[in-house]
Amino acid sequence: MFSLFLEQLLNSLQSGLMLFLMASGLTLVFGVMGLINLAHGSLYMVGAFACAAVAAWTGSFWLGLVASLMAAALAGVLVEMFIIRRLYNRDHLDQVLATFALILVFSEGTRWIFGSFPLFLSVPDILTGTVILPGALEYPIFRLAIIIAGLLVAVGLFLLIGKTRLGVRIRAGEADRGMIAALGVNIDRLYTVVFALGAALAGLAGAFVGTTQSVQVGMGEPVLILAFVVIVIGGIGSIKGALIGSLLVGFTDTMGRFLLPHAFATFLDPSSATAIGSALASMLIYIVMALVLFLRPSGLFGTEA
Amino acid sequence: MKGMKTTIAAVAALLVAGTAQADPVKVGMITTLSGGGAGLGIDARDGFMLAVKQANNPELSVVIEDDQRKPDVAVQLADKMIQQEKVDVLTGIIWSNLAMAVVPSAVAQEKLYLSVNAAPSQLAGKGCNANYFSVSYQNDNLHEAAGGYASSAGYEKAFILAPNYPAGKDSLAGFKRFFMGDIAEEVYTKLGQTDYAAEIAQIRASGADSVFFFLPGGMGIAFMKQYAQSGVDIPLIGPAFSMDQGILGAVGDEAIGFKNTSNWSKDIDNPTNKAFVETFQAEYGRLPSLYASYGFDTANLLLSAMGKASISDKEAFRDALRAADFNSVRGKFVFGPNQHPIQDIYVREVVKEGDVLTNKIVGIALSDHADAYASECSM
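From first to last, the protein sequence lines are chains A and B. Here the first sequence stands for residues 1 to 305, where the numbers follow my numbering. Here the second sequence stands for residues 1 to 379, where the numbers follow my numbering.
Source of the hints: derived by calculation from the structure; they are not laboratory data. The beta carbon of each residue, even a glycine, is placed where N, CA and C say it ideally should be. There may be inaccurate statements among the hints.
[What the hints assert, rightly or not] Beta-carbon label-pair distances, calculated as ranges: (1) I361(B) to L9(A): 38 to 46 Å; (2) D125(A) to G363(B): 31 to 39 Å; (3) D233(B) to D125(A): 12 to 20 Å; (4) I225(A) to N56(B): 42 to 50 Å; (5) K240(A) to I361(B): 17 to 25 Å; (6) I126(A) to I256(B): 21 to 29 Å; (7) S378(B) to S271(A): 46 to 54 Å; (8) K53(B) to K240(A): 53 to 61 Å; (9) I64(B) to L127(A): 40 to 48 Å; (10) P24(B) to F294(A): 54 to 62 Å; (11) P124(A) to G363(B): 36 to 44 Å; (12) A316(B) to D91(A): 15 to 23 Å; (13) L159(A) to I361(B): 45 to 53 Å.
[Stated by the list, open to error] Coverage of chain A stretches by chain B, computed from C-beta distances (three or more under 8 Å per stretch; other residues unrestricted): (14) 9-21; (15) 113-120; (16) 125-131; (17) 146-154.
[Stated by the list, open to error] Incomplete in silico selection of chain A near chain B, CB under 10 Å: (18) E138; (19) M255; (20) A275.
Next up, chain A with everything else stripped away, as it sits in the complex (with noise of 0.2 Å):
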């Protein structure tokens, strides 16, 4: 029971730190640039396309994550630099409509090129197999991996904004639009690359998600909606509510749906059971982010009233 429990936890860190991946660029390019892109899921698409299609071609996983990597961010500028840039002074709704066409854009052209089947992916050779990690628990090495993966990169996202002069500007760029651009940096560049590295982050959630998922067209949607409960819950702008965010709502997940079941087994029969507490699970992240949103309706590090 300990090592399936821990085991748990595990996953919950795993889930959280795929989904950080994602909500990271979409509350980066929020935050900067004030803008809504429901677009962001097609960008996770395209890594996981981009991962499997070049897996396939050449034969190595590691080719793939690259191409994963680089066709998101070249879709991400493109994308950027000749429909988002237009976007920017319009108000929310004609980002949305605008994004909403990008997802149907993607969406189709993927299915043209791809087909409507999902692509093969899978682990390479050396992240196959199991551990045994303390108390006895057996682990996917590939999610071990991912985990490790989803670690380094927030590290590295946190350097990024905390340490360098990008980080500088991308945070004088969330605090107040126009002055930096008074003050003389070029913020149309800044905002390609704030895009292109959100892109970026999104295309690697898309590969290592495609490796133990599948790849479809489609498959952004689901999580772009998980990706905006996690920055509507930590706080719109911040990466430090988007990584709280995402664990929290990894571990709700996780544990509701292994959890629940059981609690509710305790009083009433086995299947109804079942039925109700993992009913309750898929409704349970929601139901913890109107709590957020009631108690702190600008989210956990939410700086705006």
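Since the structure of chain A is provided, determine the placement of chain B on it from the hints.
Relative to the frame of chain A, chain B by itself:
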């Protein structure tokens, strides 16, 4: 003069009969063509349209719309097809929650509904309807066969898993109806869920000797891959939906040896099936799945009824459908009293033929199997 009159009468009668039989039939197909469940809908559509193309009957027209696996969208499309397009027959729905949203109201408006896949228990028993035919199966069927197979294979303690929607509940009910052993644990997942780490951890800790899972489409791919990565080696059993032709390619060699139950397989030995598999492959460049076979049979059933009766005479048309006088890819095809098929269900095994993963029949799980709800249907 009298002779002349009879001739005219005969010609007139012929003409009337002729026009009656040539009444055009308009079909509205609502199916899932985008998102996570798209592979299933596309296969069903392609199978249906292959039969339509082969028949080349100018009286049959089809409008196709994408429901995106969303019940609200499916309801809107059904309203549009009934009110604007004035279709006579609806078909195409893959997912049981969408079927429950569309079918009861459509058949109440005197439209025929022919199911290419979803057949929830609610529409097979007390909720059966003369205008509703399931060409595929009743939801529980393949799962009942899996339960029967698990028992006969000597498994005694099964961990069972399905999505939390009508077909998922039918699935676990069906499995339990025919499985003699104990249930280690029963788990419902979210429809469309893609990460199964939490469930696999529970399987690992459950002490079960077999796992039964019903996860169609992308859900099955995700589960199979993660299960293979997890190092858990408890044998998997499932209905064909968890292992259909569209899933195999994405799962890869890890699927080889997997046992699943199906009422159709590409190696069922009859000329119709052989021709179907060959022409489908020639037309679309891939092997058909069971969803494609259901689509193909549905179109041929409809065409057979069109050849016998006019759609304007609903009663006669329903009789013609009930007779099921067409060549099915499953060989014999008979409707039971609730207009769901009575059929053989096979056990298949995933094998590799050359470079392609596919299924091969290894035995019969249930013969001439009728569903459990037929007796509740009063029609």
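Hints versus structure:
no. : hint                           : verdict
1   : I361(B) to L9(A): 38 to 46 Å   : holds, 44 Å
2   : D125(A) to G363(B): 31 to 39 Å : holds, 35 Å
3   : D233(B) to D125(A): 12 to 20 Å : holds, 19 Å
4   : I225(A) to N56(B): 42 to 50 Å  : holds, 45 Å
5   : K240(A) to I361(B): 17 to 25 Å : violated, 57 Å
6   : I126(A) to I256(B): 21 to 29 Å : holds, 22 Å
7   : S378(B) to S271(A): 46 to 54 Å : violated, 28 Å
8   : K53(B) to K240(A): 53 to 61 Å  : holds, 59 Å
9   : I64(B) to L127(A): 40 to 48 Å  : holds, 42 Å
10  : P24(B) to F294(A): 54 to 62 Å  : holds, 58 Å
11  : P124(A) to G363(B): 36 to 44 Å : holds, 37 Å
12  : A316(B) to D91(A): 15 to 23 Å  : violated, 60 Å
13  : L159(A) to I361(B): 45 to 53 Å : violated, 59 Å
14  : 9-21                           : holds (count 3)
15  : 113-120                        : holds (count 5)
16  : 125-131                        : holds (count 3)
17  : 146-154                        : violated (count 0)
18  : E138                           : holds, 6 Å
19  : M255                           : holds, 8 Å
20  : A275                           : holds, 6 Å
In terms of the numbered hints stated before, the structure departs from hints 5, 7, 12, 13, 17, listed from lowest to highest.
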